[in-house]
Every structure is written in C-alpha cells, then in structure tokens.
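Protein sequence lines correspond, in order, to chains A and B. Quick note on our numbering: the first sequence kicks off at 1 and runs consecutively. Quick note on our numbering: the second sequence kicks off at 1 and runs consecutively.
Take these hints with a grain of salt, some might be off.
Claimed, not checked - Below are the BS3-like pairs computed for lysine-lysine, each with C-alpha atoms no more than 27 Å apart in a straight line:
#, chain 1, residue 1, chain 2, residue 2
1, B, Lys-75, A, Lys-832
2, A, Lys-585, A, Lys-566
3, A, Lys-1020, B, Lys-45
4, A, Lys-125, B, Lys-48
5, B, Lys-156, B, Lys-221
6, A, Lys-135, B, Lys-193
7, A, Lys-80, B, Lys-48
8, A, Lys-1028, B, Lys-48
9, B, Lys-75, A, Lys-1028
10, B, Lys-48, A, Lys-102
11, A, Lys-134, B, Lys-45
12, A, Lys-805, B, Lys-75
13, A, Lys-134, B, Lys-193
14, B, Lys-131, A, Lys-1020
15, A, Lys-102, A, Lys-244
16, A, Lys-57, B, Lys-193
17, B, Lys-152, A, Lys-25
18, A, Lys-34, B, Lys-152
Stated by the list, open to error - Anything over 10 Å on all C-beta distances counts as not near chain B; from chain A, calculated:
#, residue
19, Lys-80
20, Asp-481
21, Asn-693
22, Phe-788
23, Thr-807
Keep in mind the hints are simulated off the structure, nothing from the lab. Note that beta-carbon positions come from the ideal geometry of N, C-alpha and C, so glycine has one too.
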Amino acid sequence: MIKIVTACALLLSTTLVAQTISDLKGEELFGGMKARHIGPALMSGRVSDIEGHPTDKSTIYIGTAGGGVWKSQDGGVHFKSIFDDYCQSIGTVAIDPNSPDKTIWVGTGEVWTRNSTSVGDGIYKSVDGGTNWKKMGLEKSDRISSIQIHPDNSDIIFVGVQGALWGESKDRGVYKTTDGGLTWEKIFYIDENTGCSDLVMDPTNSDVMYASFWEHRRTAWSFSSGGNSSALYKTINGGKTWNKIHNGFPEGKYGRIAFAIAPSDSKILYSVVEAENASKSGMYRSADAGVTWSHTNSDFALTIRPFYFARIVVHPTKPNTIMKAGLFGSVSKDGGKTFKGLGSMHPDIHDIWYDVNDPDKVFVGTDGGLYRSLNAAQTMERIENLPICQFYHVAIDDQVPYNVYGGLQDNGSWFGPSRSPGGVEARDWKVIGVGDGFRVYPHPTEPHIMYSEMQGAETVWRYDSKARQTKVITPMPGEGDPKLRFNWNAPITTSSNNPDRLYIGSQFVYISNDRGDTWKKISGDLTTNDPAKQNQAESGGLSIDNSGAENHCTIFSIVESTLDEKVIWAGTDDGNVQVTQNGGKTWSNTTSALLSAGLPSNTWCYHIEASVFDKGTAYAVFDGHTKNDPNTYCYKTTDFGKTWKSIVNNESVYGFARSFQEDFENPDLLFLGTEFGLYITIDGGGNWMKFENNMPSTPVHYIDMQARTSDVILGTHGRGIIIIDDVSALRQVTNEVISKDLHFMKVPTFTMNEESTFGGTSTETQFVGDNPRSGARISYYLNKRHTFGKMKMKVFDLDGNFITKLTPSKKKGLNTVYWNYNSMAPKVAAGKTFVQGAFFAPRVPAGSYKIVIEKGKETFETKIKVEYPKNSVFTLKERKYQEEVTKKLFDMNEELAYMVYQLDTWSKHAKNKSKKEPKLSKTATKLVSELTNLKENVAITTGDNYVGRAENQLREDLGAIYGTLGGNYGPPTSSQMANVKLIEGELEEAMNKWKSIESGALKKYKSALTQLEIKEAQIKSFEDYIKKNK
Amino acid sequence: MKKILFSIAMVSISILGMAQDATVETILDNYFENTGGREAWSELKGHKLTASVEMQGMTIPLEIYAMKDGRTITKVSVMGMDLSQDAFDGEVSWGTNFMSMEPELSDEETTENIKRDIGDYPNPFLDYEDKGYSVELMGKESIDGMECYKLKLTKKPILVDGEDVENVSYYFFDTENFVVVQQESEMVTGEMKGEISVTMLSDYQEVDGLMFPFSISQGVKDGESQAIEIIEIELNPEVEDEMFQFPGGE
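Given the sequences, and given the hints that come with them, work out the whole structure.
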C-alpha cells in the first residue's frame, strides 16, 4: 500500500493540470522567502488598549494602533505578537471572565481617532489564549470600542461599536450576541453619525450597563466632535431600554464622553464630558449610579483633546482614586476634585490598567509604547521589546550596509542600519528630527547629509551628521504668494539625476538645486484649491483641534523620472495627478483620464511611481478611506497620463492602498502596500498575491527597494521597518520555471563576509532586529513540496571534489539555502575534552562551486561564484598563505586522529582478547602499556570540558592553533608560525613513536594473534576513516 | 501493471472523495492506511534511528532509541566522547552535562511529564481515545505551499510550575497523501513561553512496511530550524536495560 501511495504521489505530481503564474497563490510561490523585522522598538508606538488577566498576574494583553495584539505571560517582561494574520488596528481586547485562560475577544479598529488612525474590520475570538483566531462578524463595524462579556454566560456578549470615522454608517451602536458571536443583534442605535464610544457593565449586576454615544466625523480636511446626539445612556434591563443620565451635566451639545464605574462601589461613576461650554467640560462624578452628577474638575489635563484621551480608570479597591488618560495622564485621590500628573512618560496616554490583585502595579499605554510601574504610576519603566512604531515613510541609502531612514507618528525622524553586528539594536538608531516625523531622505551621494521634517513642514531640516549641525531650509511664502498649504505629511524627495536637488510640495512644487538653500517654485497650484476644504482653524467640533493634521488641497507625492529630469509627477490629496515634461514650465492635469478609468473624484493620490523602464510610464496609488471608500486603487499609464488603466481589483487585494514599488529589472514585478499588508505581482498586476511569510497584516505606508541588494524595505504604520531580503528570485519566475520539478534561480556573485561579529549589547528585555542571513544565498523553485524519498544538497568544487553538505529547503515555491562558504570540519582525535578550535570548518577559497541537489533519483545542479571582499586589508598572497597553513593544520589534525583511532582500536582489541586468551597476555600487556603511554602524550584523557580540564596535549594544542589560524582572514603571525613549527615537531615525534610501536609491540602482538588464529582488529583505511561525503 | 494502475486510481478516488467531507476519523484512517496500517504500528515495540545533525561543517552522529514502554535515549558521539541525552528508563530521566561530561538527573517536573507521556509510542493518534487524548479537525491550512488538514491533538495535561496545563499540539496532514508534514505546539514554560515550536517532517521512506520521515527539522515559528537526517531505522531493536539507566550515583 505504501509503495502505491508513493507511486500515486509521484504520478499525481506529474499529471496535475499545469499551474501558471497567473493562478499561483502567494503561499505557493513565496516558499522560504521571509520578511525580517528590524523594529526599532526604542521609541515603540501607540498602545491603544490594555487588558490584564483577572487572576493570573503574569498574563497581560495589549492592543495597538497598527501593530496588532501582544501577549505577555511573564508580567510584562516579554511580549509576543499573537494577531499577525489579522487587522492590526485594535480598538479593544476583552478576556472572558468565565474562561480567562482561554477565551479572548479582540475588537478591531482603533478608537483614538486621530487623522492617521487605521481602520478595523470586525470582531475576533480565540478559545485557546490567542493561538488561533476566528473572525466573528461585525465586519463593517470599523471601530469597536468595548466588549462586555456576561459574567456567568460566555455566550452573551455586548459590543459597543463606535463605527465609521470617515462617513455615515448604520453599523454602529450596541450589539448583542447570545450564541457566542455566531449571530449579532443591534440592540441600541442612535443615528448614522453617532457611535458607541464606551460601553461598561456594572460589575455587580449584568443587567445594568452604561453607554456613551459620540457624534463625530472626520474628513480629509476637517474633524468634528460633538452634536445633539452625543449622550450618556444607562440600561437596567440588560439593554432592552436605555435612558439618558444627564442630571447635573451642562446644557448644550456634548462631544466625546469618557466613562467609568468604580469597581469597588458601583454606585460611584465618573465621566469626562466634552461640553459646548468649554468651562463646563471636564470631570463629573455621580455617587448614586448616575441619578445625579456634579462637576468636579475642568483642568487642562482633563479637557484636552477629548477624542484622543477619553479613558478613565478607577482603582480596583479605592473608589475615589482615579486615573485619566491625557497628554501626560493624571491621577486623583479625592474622587476627581483635584489631579496631579503621572510619572514621566512619552506623551499621549491612552489607556491605564491596574493589576487587580496588586493595584500599585500599573501599566500605561502611550504613543511611545507601554510603561509599567510598581508604585502606582509615580515612576514608570518602559517596556523595550514592542516594535510597534508607525512609520509614515521610508528611504534608504547605498552604503554597506545600507541605512534605513524614516519618520514616525509622534516619534520624530530616525535612521539606522539595515544590519548590525549582533542584530539591529536600539543603540544603532539615531534621531534626525523631532515632533512627528515623516519623509526623511539621505543626500544620494553624500549620505551624511540628510533631510527631515516635522508635521505640516513646520520645519524642514538639513542635517549634517558629520558636523552634527542642522539648518532649517523650509521654503517660505514670498511677495505675492498665498498662504502655503503643506500637508501634515508633506512630500519631500530627492533626485537621481542631480544629487544636490531637493523637491518639496505645498500646493506648489518647489525645487532646489543646492540642497535647500534656495528654492524655486516650478508649478502653479496643482490642487483643486477648494476653499470649502481650507477652514482648518474651525476644525475640531466642540473643542477646536487645529494641529495641522487636516491641512488639505496639498501636494502629497512628487517624483522625478530617473530617465529624464524634466519629467516630474505630482499627486495631490484632493485627487489630482499632474505631470510636466519640461521641468515644470507647463503641467498637464491627468485627473480626468483617471476618472475615466474608474477612479472616484477627489480620491487622495498617495503615491506616484515613475517607471525606470520608460519615462512615459508611471503608476499611481489612491487612498479613498478618508471618503469612507475602502477600495483598492492603483493605475498605470504608459503615455504620460493621457490614459490610465487599473491594475488591481478588490477580489485579489484587500484594503485601500498607499504604497507601491516597481522592480528595477523586471517591469512585471510590482509591490503594493495596503492597509492590510503587502501584495506582490509577478505578471504586471494580473495576479496579486499576499506576502505573509513573517509579514503581519499591518498598514504598509511606504515601500522602497535597494538596487544593489534587491531588498524590499517596508515602512509600516504599526510594526516598524520590515525587510524582505533579496527578491531577485521573483524576477525569474515564469511559466517555464514553475513547470519544472526543480529550477535553480540565477544568483549574483557572492562576496564572503569577513566582518567581525563583535556586537550585541542589548539586554534580555530589549528588542533586537533580525539581521539578514549571511552566506551564499542559493535559491531554487520546487513545483511541489518534497515529502517522499530522500533529498540531499551538496557543494562540490568544479573538479568534483566534495566540499560540504547543506540542508535543503523543501517547500513548494521559492526555497533559499544559505552556505557559509565553509567546508567540513576535520576529523579530530578521540579524547576526553572538546577541542574548540577543531570545530572550525575551513573556508573555501574564492572561485566557482557546484551546488548539487539529489532528489529521489534525480540530480539537479547549478554553479555559483564566490569572491573575496573587494576592499579587504589582506592581499591575495596573504590569503593563499593563510589557506595553505590552515590546510596543513587541517591535515595534521586528521593524521593525528587516524593514528589515535588505530591506537584506540588496537588497545581495545588487546584488552578484550587478552582477557579471553591468557597466551596473549604478555604481548597484549606490553602493547597496551605502550599505546596508553603514547595516547596520554597526544590527547587529554582525564578531566572535563570546563575548569576541571586537564593540561592540553598535542591534540588540544593542534586543534587550538588550527582554529585560530583558520578563523583568521589574514596571514599567520611569526609567533603563530613558531607555534605551528613546535606542534609539527610534536606530531612528528608522536608519529615516530607510533611507527616504532607498529614495528615493535604491535607487530609482536599481531604475530601472536596469527599463531593463535585470532582475528586482527578491523582498521579502516585513512580514506574511509575521514570520509565525510556520506 | 494493470493492478497497480487500478490501485492508483482507487487511491486517487478515495483521496478525492475524502477531500469533500473529511473528518478526524477519515483523515486518521487514511493516514494509518498510507503509512503501514494500524495493526503494524500497534505491533511495533521500539525503534532505533541512526541519524546525523549537520552543524557548521560538523557532522554529529546520533543514535536514538525509543521503546514502546516509554524508554528512550539519544546517544551522541563528539570527538571521541559519548554523550547521552533525553535518556529515560521508565522512572528516571537524565542526560550528560556537556561541561562535566557526567550524567545528571532531569528536574522533577520534566521527569513527571515524560512519565505522563508513557503509552504515547509509537504514534499519539494510534488508539488515541484509549490513551485519553482528544483530536479535533481545525480546518485546512497551507503548509509549505501545500494544502493540509490541521488536527488539534490534546493529550493528558502536563505539569508546568506545579500546575496541570493543557497539552495541545497541532498536526498538519497533507490532503493529498495524508502524511504528517508539520507539527506545532506552543511552548508552555521558560523564556520562550508562548513561542510556537515547529517540527517539519519530510523524506518519508518505507521501513519494513511502515512509513517514516527520514528528515526532521525543528525550530521556532518564523525562525531558523535544525534538521536531523535519518540514515537508517531499525525496528524492534535489541536493547539492554542498562542502556537507559542513570549511570550516576545516588
């Protein structure tokens, strides 16, 4: 039966209908390609919600703004991401009180509705503590603020849905399930503009719930918090009827209302009200379960930015001790009358969690990550392993290793290396801008010069990292200029045609050819310049919130063609795409062609990519989410925008798109970043495949590609910088390739890495970004996962000499195997210690090598080329000398090993046989004595592998010098060579002793064996003994 | 030849039929059928794997014994020194300390958990109900680009920091041939707690009527892995009691 199955498997693999690249799925193509995360985590990112286990103090969950859900099982020392495959914008996390170890609910969609907030896509449930997740509906909820689980029945759950931020929606209000989430009923609804921003259940009576409703709306150019529909409601019958509880609240409209119950006395309620009359905003307290309220405080800390900080947390046992989220966070110990600040933290505090069993232990979620306190938030320590920062943009340079540059939500501008000895650590990152950071660019040829900016281009810096000097170079309005409108995330870019060139866009395109010292306006207003969208000073609703975040009718994307510096594209946040072919003298507006191609009007142009293959070709990506349009838009033109064609559809790509990258070599290899991850096509947009190998479904705000390494670099808005190393294999995937059983991809010449590995100073609790794997990157496509029969991978030189074995990867799709340029370690003489040096396998010399895969009965081969580093301090002659000495020492190790092997074998033989045959005793005893004597002189035979080790003998000294010289890249020192000579002498002496035993005691022993007709010991030949190619 | 082709057709049909409405039982029936049959697996009393691990140009030879009564030992030979790992004689679990080269006992909880696993051999799915295990079909998932059934296996609880903890692992059965290609379980203790340990199985070959994976790679999800290549498998090997016993003193 087994044979039949195997035959069947083989047969099926050949008879299946041939697959083509247009129907491949991502998991069938990407195989072993894997993203790596370099963080950073030193500034972390926004934590939107914290939820702790009710009885197990070790278990804490956090929800983040764009980085998913993380779980700690050791009280916050380490966190692990547990929600990678799903929407990463989190509104709330809830633990089922009936099954707190297992049942966890996640409501997606952050509820701290800043301009840059990501969207949600429903509610999820895990019944195994977060290992597996299932979506349980509410797909159109957009933002879930609260999940309240019945304390006695896990199937009964109430959910507060804040709902759509960017448009009207009926999918809001309070929802209830009575079957554990299989079906939902909307039990309380106000209107399409008003959502449930908080839903809280009385801990002593599940029929009593409080719901705050918030009327609010964002557009790309405005924010409105408040209206007649905002209110605080209470039900006393499990949600059947709801009544407003405003007795004591101020007159007029309300905005966002934060709410909390004191867990230790559920009659005591707190709410922070955003009121029409600003002097009446602030903290209200009720001591009678909401029958009456009194205004207790309207400090700045309580009233600032209600949309961002509407969270109150009451101490588990002290009903008058409360903390309020805010710019810095505050605490009151007198029931909300007076407040003082929390311990120093990164600003913008969003959630606070008291350990119910030890209330002095407090966790706080901020825009700068998660903090922990052991003294009730008086002093705070930062959790240093949460790489959840939110990049708006990313750029790279061409240094070795290349650096990554980018700006972050509320966390400035940074650059850091793409790899670093020991991993990419916190200390590797350097700050090059404050405030919110956005676009950061290195000067293309002098990367110590960098450009960065803060929000709304309030400041644009040129920074010289050698001199550590900054110069502000923001273009200013001159005579006759209108007010300049810069986007919150204003477009800066450099040029590949002129390294000193810099662009920046307001409503105009500015160019500088002297690194920003002088600016020239090269366009008119390229936007729609709609005055209705330019009233930001009135934005905010009841509380004016004019931070610059709503600046609109601005240019958002600028790109100069690499093929022609006169061709410049500009895309605007109000939906225009304009192009000039004469360096800005005249611009043509291509927007009507886009509308003809199906793009809805005024859809934000997030990115334009000028093709590197043809100057009339460009790609434009549009994001409609600020118009409540979740669709994916990506268009291509080949005629300077006269016509555009869509290259995506909503069936194969999920989420609105923001970023795009064209490959440098294969025009059909394209990358698209959406709100829910990364998509790749290898056929010009016919088939988009989601890349999920260690790539979370996080918003990808910008994509760049390193031409030298073919790495794809992603600036994510929630999981930091993510890199996919060397995607060159994707360029080569064709229908022909995928029809073969195994196809080796072409690879570049590999340069051996000789950098020191010293590094790694991070502590156990700090995040360290992954380095790329080093070594020759051998890549092949398998059209089927290898499951049956042997598969082996070996390296040979071109003369067919075996070099080493590798472990093949066996996935369907692209596989990558790394070879570290080493051959096999020497066979080492048997002894009583490890010979550390002799674990070393010699590096191969530069040259060509054959890679062979044996798969079942078939053999596949490819050749690769390996070179020494070009700028090494060692000459070729020095390297050859090093290789020669290493080879000599390698052989000496094996010579000794073989001698000791024979010695041990004969010694054992003589001991065994003489026990059974007394006539052998004399010759055997003499032989054993001589052999033991020799063995003790050539190898350690006592002690241990640590401080109890015996004095080194020849075996250990030989191994040590071999390892030292083999591990060096340059020539041996004279002192080392003197040592080699000494050891050579010792080996010679030992070998002579062995020879004399062979011709003396051993010969006599062998004659005795012959006489007694006893079989000699079986001794392998030297070749058999050292053979490694098995 | 006709017979073989007919058999292939039958197998294909049964596989295709299976894909429609697979259940735990049909998946396991196919799995056992395709790997040698429940009866043959039940009769297995133990096996010896001769294997090797490649580490940076070093080939480290291993001999792994696993017996039906729970006894195990992995013998490793490095530079003339013999080390034992994962040794268990039915009562005592031990291994060689790499520094002192002396045998040392495993901690109490590890030993207890190994004892609790007695009876698991040769395959957790064999008579799993009698063993007190439960199996649940979680659905389909792609592993290495191949569609697989994901089965959740819950064994008897293990002890973690003095408390019984659910002992869950996930097995991925190739929907085409019904062999296990991957196993995953969440680490439940130590610094790696919460990480998913992944074992990839491939290079299946027949040994005296039973199918065994000859390549086993172990690692952490989304991290690197280390392969053990099996050179030879001996079924029902002759063993001596002393092999498994703790050689140290009191």
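For each hint, the structure was consulted:
Taking the CA atoms of Lys-75 of chain B and Lys-832 of chain A, the gap is about 16 Å. The hint holds against a cut of 27 Å. For the given pair, Lys-585 of chain A sits about 9 Å from Lys-566 of chain A by alpha-carbon distance, which is consistent with the 27 Å threshold. A distance of roughly 34 Å separates the Cα atoms of Lys-1020 of chain A and Lys-45 of chain B; the hinted pair therefore is violated under the 27 Å criterion. With a C-alpha separation of about 44 Å, the suggested pairing of Lys-125 of chain A with Lys-48 of chain B is violated against the 27 Å cut-off.
At most 27 Å may separate the alpha-carbon atoms for a hinted pair to count; Lys-156 of chain B and Lys-221 of chain B meet this at roughly 24 Å. Our distance criterion of 27 Å between C-alpha atoms is met by Lys-135 of chain A and Lys-193 of chain B, whose separation comes to about 25 Å. Our distance criterion of 27 Å between C-alpha atoms is broken by Lys-80 of chain A and Lys-48 of chain B, whose separation comes to about 38 Å. Using a Cα cut-off of 27 Å, the hinted pair Lys-1028 of chain A and Lys-48 of chain B holds, with the two alpha carbons roughly 22 Å apart.
For the given pair, Lys-75 of chain B sits about 20 Å from Lys-1028 of chain A by alpha-carbon distance, which is consistent with the 27 Å threshold. Between Lys-48 of chain B and Lys-102 of chain A the CA atoms are separated by roughly 39 Å; this puts the pair beyond 27 Å, and the hint is violated. Simply put, Lys-134 of chain A and Lys-45 of chain B have alpha-carbon atoms about 41 Å apart, too far for the 27 Å limit, and the pair is violated. Proposed proximity of Lys-805 of chain A and Lys-75 of chain B is supported: the alpha carbons are some 22 Å apart, at most 27 Å.
For the suggested pair Lys-134 of chain A and Lys-193 of chain B, the alpha carbons sit about 22 Å apart, so the restraint of at most 27 Å is met. As the CA atoms of Lys-131 of chain B and Lys-1020 of chain A are separated by approximately 48 Å, the hinted pair breaks the 27 Å bound. Restraint check for Lys-102 of chain A and Lys-244 of chain A: not satisfied, since their Cα atoms lie roughly 36 Å apart, outside the 27 Å limit. Restraint check for Lys-57 of chain A and Lys-193 of chain B: satisfied, since their Cα atoms lie roughly 15 Å apart, inside the 27 Å limit.
Distance restraint check for Lys-152 of chain B and Lys-25 of chain A: the Cα-Cα separation of roughly 25 Å lies within the 27 Å cut-off, and the hinted pair is therefore satisfied. Among the hinted pairs, Lys-34 of chain A with Lys-152 of chain B is consistent with the structure: their alpha-carbon atoms are about 26 Å apart, no more than 27 Å. Not every beta carbon of chain B lies more than 10 Å from that of Lys-80 of chain A, the smallest distance being close to 5 Å; the non-interface claim is violated. Every Cβ of chain B is farther than 10 Å from the Cβ of Asp-481 of chain A; the closest lies at roughly 52 Å, confirming the non-interface assignment.
Residue placement check: Asn-693 of chain A does not keep its beta carbon more than 10 Å from all beta carbons of chain B (closest about 8 Å). With a cut of 10 Å on Cβ distances, Phe-788 of chain A falls inside the contact zone with chain B, its closest approach being about 5 Å. Distance check for Thr-807 of chain A against chain B: the nearest CB is about 4 Å away, which does not clear 10 Å, and the non-interface claim fails.
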